[in-house]
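Chemist: Given two chains presented individually in distinct reference frames, assemble the corresponding complex, making use of the accompanying hints.
Here are the chains, one letter per residue:
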Amino acid sequence: MTAASPLIRLAGITRTYGAGAAAFQALNGIDLEIDEGEFVAVMGPSGSGKSTVMNILGCLDSPTAGSYTFQGAHVESMTRDQRALLRRHFLGFVFQGFNLLSRTTALENVELPLIYRGEPATSRHAAARAALQQVGLAGWEDHAPNELSGGQQQRVAIARAIVTDPKVLLADEPTGNLDTHNSCEIMELISGLNRDRGITVLMVTHEPDMAAYARRVVRFKDGRVDSDHRQEERA
Amino acid sequence: MLWNTLLLAMRAIRRNLMRSFLTILGVVIGVAAVITMVTLGNGATRSVSAQIASMGSNLLMVRPGQRFGPGSEAAPNFKLADVEAVRSQIGAAVAVAPVVSSAVTAVNQSRNWSTVVTGSSNDYFSAGNWELTAGRSFSESEERAGKAVCVIGNTVRDKLFGQQSAVGAEIRIKQFACEVIGQLKSKGQSAMGSDQDDIVVMPLRTVQRRLSGSQDVNMIMVSAGSGASIDSIKAELERLLRERRKIGDNEEDNFRVMDTRQIAETLTGTTRILTMLLGAVAAVSLLVGGIGIMNIMLVSVTERTREIGIRLAIGALEREVLLQFLIEAVVLSSLGGVIGIALAAAASVVLSGVMNIAYVFDPSINLISFLFSAAIGVVFGYFPARRAAQLDPIEALRHE
Numbered sequence: 056m057t058a059a060s061p062l063i064r065l066a067g068i069t070r071t072y073g074a075g076a077a078a079f080q081a082l083n084g085i086d087l088e089i090d091e092g093e094f095v096a097v098m099g100p101s102g103s104g105k106s107t108v109m110n111i112l113g114c115l116d117s118p119t120a121g122s123y124t125f126q127g128a129h130v131e132s133m134t135r136d137q138r139a140l141l142r143r144h145f146l147g148f149v150f151q152g153f154n155l156l157s158r159t160t161a162l163e164n165v166e167l168p169l170i171y172r173g174e175p176a177t178s179r180h181a182a183a184r185a186a187l188q189q190v191g192l193a194g195w196e197d198h199a200p201n202e203l204s205g206g207q208q209q210r211v212a213i214a215r216a217i218v219t220d221p222k223v224l225l226a227d228e229p230t231g232n233l234d235t236h237n238s239c240e241i242m243e244l245i246s247g248l249n250r251d252r253g254i255t256v257l258m259v260t261h262e263p264d265m266a267a268y269a270r271r272v273v274r275f276k277d278g279r280v281d282s283d284h285r286q287e288e289r290a
Numbered sequence: 470m471l472w473n474t475l476l477l478a479m480r481a482i483r484r485n486l487m488r489s490f491l492t493i494l495g496v497v498i499g500v501a502a503v504i505t506m507v508t509l510g511n512g513a514t515r516s517v518s519a520q521i522a523s524m525g526s527n528l529l530m531v532r533p534g535q536r537f538g539p540g541s542e543a544a545p546n547f548k549l550a551d552v553e554a555v556r557s558q559i560g561a562a563v564a565v566a567p568v569v570s571s572a573v574t575a576v577n578q579s580r581n582w583s584t585v586v587t588g589s590s591n592d593y594f595s596a597g598n599w600e601l602t603a604g605r606s607f608s609e610s611e612e613r614a615g616k617a618v619c620v621i622g623n624t625v626r627d628k629l630f631g632q633q634s635a636v637g638a639e640i641r642i643k644q645f646a647c648e649v650i651g652q653l654k655s656k657g658q659s660a661m662g663s664d665q666d667d668i669v670v671m672p673l674r675t676v677q678r679r680l681s682g683s684q685d686v687n688m689i690m691v692s693a694g695s696g697a698s699i700d701s702i703k704a705e706l707e708r709l710l711r712e713r714r715k716i717g718d719n720e721e722d723n724f725r726v727m728d729t730r731q732i733a734e735t736l737t738g739t740t741r742i743l744t745m746l747l748g749a750v751a752a753v754s755l756l757v758g759g760i761g762i763m764n765i766m767l768v769s770v771t772e773r774t775r776e777i778g779i780r781l782a783i784g785a786l787e788r789e790v791l792l793q794f795l796i797e798a799v800v801l802s803s804l805g806g807v808i809g810i811a812l813a814a815a816a817s818v819v820l821s822g823v824m825n826i827a828y829v830f831d832p833s834i835n836l837i838s839f840l841f842s843a844a845i846g847v848v849f850g851y852f853p854a855r856r857a858a859q860l861d862p863i864e865a866l867r868h869e
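Heads up: the protein sequence lines correspond to chains A and B, in order. Residue 249 in my numbering sits at position 194 of the first sequence, and the numbers go up by one each step. Residue 643 in my numbering sits at position 174 of the second sequence, and the numbers go up by one each step.
In case anyone wonders, no lab produced these hints; they're calculated from the structure. Among the clues, some could well be false.
Quick list of in silico lysine to any residue cross-link-like pairs, SDA-like style, CA-CA up to 25 Å [as the list claims (entries may be wrong)]:
| no. | chain 1 | residue 1 | chain 2 | residue 2 |
| --- | --- | --- | --- | --- |
| 1 | A | K222 | B | E787 |
| 2 | A | K222 | A | R135 |
| 3 | B | K548 | B | A564 |
| 4 | A | K276 | B | E864 |
| 5 | A | K276 | A | G121 |
| 6 | A | K222 | A | R274 |
Here are the computed distance ranges between Cβ atoms for each label pair [stated by the list, open to error]:
| no. | chain 1 | residue 1 | chain 2 | residue 2 | range |
| --- | --- | --- | --- | --- | --- |
| 7 | A | G194 | B | R856 | 39 to 45 Å |
| 8 | B | L475 | A | G75 | 43 to 49 Å |
| 9 | A | G75 | B | V799 | 40 to 46 Å |
Stretch by stretch, here's where chain A covers chain B in the computed footprint (C-beta under 8 Å, at least three residues) [as the list claims (entries may be wrong)]:
| no. | stretch |
| --- | --- |
| 10 | 480–486 |
| 11 | 766–779 |
| 12 | 861–868 |
Beta carbons are placed, not taken as given, at the ideal position from N, Cα and C, and that holds for glycine.
Bound conformation, chain B alone (with noise of 0.2 Å):
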């Protein structure tokens, strides 16, 4: 009996080639998209983490002034002195690292690039999870004399050297020239978009002397051990500041601490919540294809409902017409649902390569997908044919 059935229900989907192709579309685009959707979603959101890992783990970033935006004043930046204390008097700091930073451009014979030049020391490169590649970082002497030396990004010898080695080369920043000591690995973009490899790393006292001009530091990068607690060292932190600020007990804090766990959480909440819109989005298409479903199978009801009357005055049993009803719609759904899977797999990888994402498989959203549309698909594909499978065959017949 199985084996007939069988027989019957892919006769009855090949005589209905329209019927049976629009069904499958509804089910693969409710499939496609959701998986799609989900999948660039995870991915971002990993992206997302793989970046912010990259900007150096248990950071936390002290800037002066209290918020952003207009209205705030202006705050006194740091010196070299806050550094120091810093250092000295917080034990569980593992580098500590003055930063200022200022806009140039860099040349190199014809090549010129626009860039940033941050000035800061050897726990620079400890603090921000920075490797090189090729050549050192500074040594005592020049970060004490300010020699004019650099540790270039990625980006920034790509655009002055091409594809050749820059160390022990010279690039003219402003008026002077500056040996080109060490090259740093790539770490590609940031969480925020920008790219972290644009960079040129001088020591802290040839910054201040030749380009900044003042004593001041604009960031101090505190890189806390592993087993720390960012919590205890940022109550310190705060203490240690308005100590030395000589902030009042009422005043509040003219400096932020930031951490990187703070700037992970905040993004991966943004992340978080776009997978969540992407994928309500994406469970509409798939409400959308199902509602297609619907309306094909019932259109096709007084068609189908005399069929079942033909099928059940030459003898069918109600059972034996339901069972084919219910394999075309297995059959159909499952096929769209394989289709549609593909087509999302397909999509997935072409999309996260050019929104420059990570693809990570998710089985699950993959499963309940398919299983969603395959329902839809066999609910409508069935239930209308077992209302008809129930009449007397002689009221199926003359079904208007």
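Chain A on its own, in the form it takes in the complex (with noise of 0.2 Å):
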């Protein structure tokens, strides 16, 4: 891999749910490069297949034709656990709807992904404790999902993400179902870990004031990619 190779490129994706007279075309060939560190947003109206390229990227799903390359490695050919190797050693998701496991507690939560990477119990507590208190969560370690307000479980779902130390973090409308004031705590939280930390954020989102954040703008129309500029972070 050399310096001037992107983190990740997209050329000619599809993907195309159904069959036949019924098919129908989310994207409809996307080419899109993202440098390491960057900070992405993108934007769209609905149906305009930017959670689809997510789950794309996010290696979550698979696209009907076209490259898919992750550092130099090509994805499309990938086998499933590859893929799955890929989004444990790489990957940090944000969802909007948390995708925590219910009944169990925030740190367990946080260590889930090490325990998928084998860390030792010890170093593995301490590693989620420090993501938990990183997202200002320290002192809420044994509380269950359900005992956690909105904000607060999107917080222990960044801490899920970061925990491995990824490479990327892949947040699909992380704030849709946040009030203003939670909205804006999480997008400071993501873009400090974009700053500080180095890590390559992409967000899809439909809110311009969380767009704001980013320092590139891409925006989808009918599974294609409509507009691509950078902007000025918020101060």
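Modeler: Laid out in structure tokens, this is it:
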């Protein structure tokens, strides 16, 4: 891998749901390059394919055609297990619906990715506590998701995403279920991770206020990239 | 990987205590029901066989009359001469005992007890496998003279004398006093459920003279030696009695020869059917338990599918997720199986005590029902998970 090559490159990505006459083309040939350390907001109306491209980038979904290169490796020709290992070691996810394990404490939720990595118990606990502290939830380790507010749950989800020290953080409408106050705090947290730890951030949002935190905004329309421009990060 | 997966499985069991409990309960009910039913059935069969053995082995009982029930003509009773003929002409018979029965009330001072007096000879004791615990059997002169002496069973002694020895004492039966010369060892319930120890035995002549008032003999008991063929003795008996009772070639017998083997076959056949019936009922409980497990697992499929989606999204391999679910299912099912076996053992011991039958531990039914329930638990815990783990993570996450 040379310094000039991007971290992520999508070339001619299409994604079709269903088959025959009922087939629906969610992505219609996407070309996109993302460099290490970028903070990209993906915007667009509903059905424009922004979430679909996010799922493909996160290896949660497979493209129908096209090529996806991550650090020079061809993801589209990887096996299921190889893609799982890619998620395990390089990617962190934050979902609109949080997707925490119910009836499981914050600490155990954050620990989960480390268990799959085979970290020993002591370093696992320490790392999970540190991640919870970083998202401002020190003291909430033993609370289950139903004992936490929406903002707090999303913080647990962010802690779970960053506890493995990922290269890329993928956030699909992370503030979609939150009020303005909590949304701003979550966005501060995410942009801090990008600024201070150099984590590449890709975020889907439909709120311009949230997109303002990013330094690059990619707009989708009808399964294609409509516009792509860089902006000054909000102070 | 195994250790970590075990940790995850244990956490999942702890998180879903209610679901885990219900799964275990399903297995417990299935396993416990089947094992208990079959164990009790086997115990009943064993007890019946033991009771049949206590009646005396290789025993033939000859009664007048053709068959049970109404419509059968009154057939003439046997006489003592018939008994003597059987004794002298059937060489393979070890003991031949006449039997006359009469229902009476026996009295000892203020206590009384309704029982049946059997008039017979000393051969009755050897034919019926009776042993004496105290006293003696009849002397030849007592039998010949029809003396008022008797040998009593354990129940009669118990009711009339309590725990005291009865030998040497006198009991009143109707108008005469009768000396107790011996006590019989307890045999317990008969295969038909009657109390074999509720018995008073007197010399045949005593009963004929003082109680029945006739020379008739109600039944002839013939004990064949252990080596002798029951069938040939039976054939000889029938030929001899047909001749003595002057039955023509085209007429049916007016007496019946029953042997204990026949009774044993009938009764064990009955208990075997009962055991099968119990087993079938228990199999239904096992099935219901299995359906319970199925329900719980299917109801939780949506939640579990989302959980699998989360695990896959944060980097779990398909086989790690599957191993976790397999361990969960195996742990819950085996735990339920072990509890079920323990419960069945406790229930079988208690119930066999209450029902007064033998407790017979049957390792194969324990193993089979354990494996069957465990298989249901594993299949319904594992296969929905397998389907979910094969989905793309995003599909599993979106599962509604």
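Chemist: Which hints, by number, does the structure contradict?
Modeler: Hint check: nothing fails, all pass.
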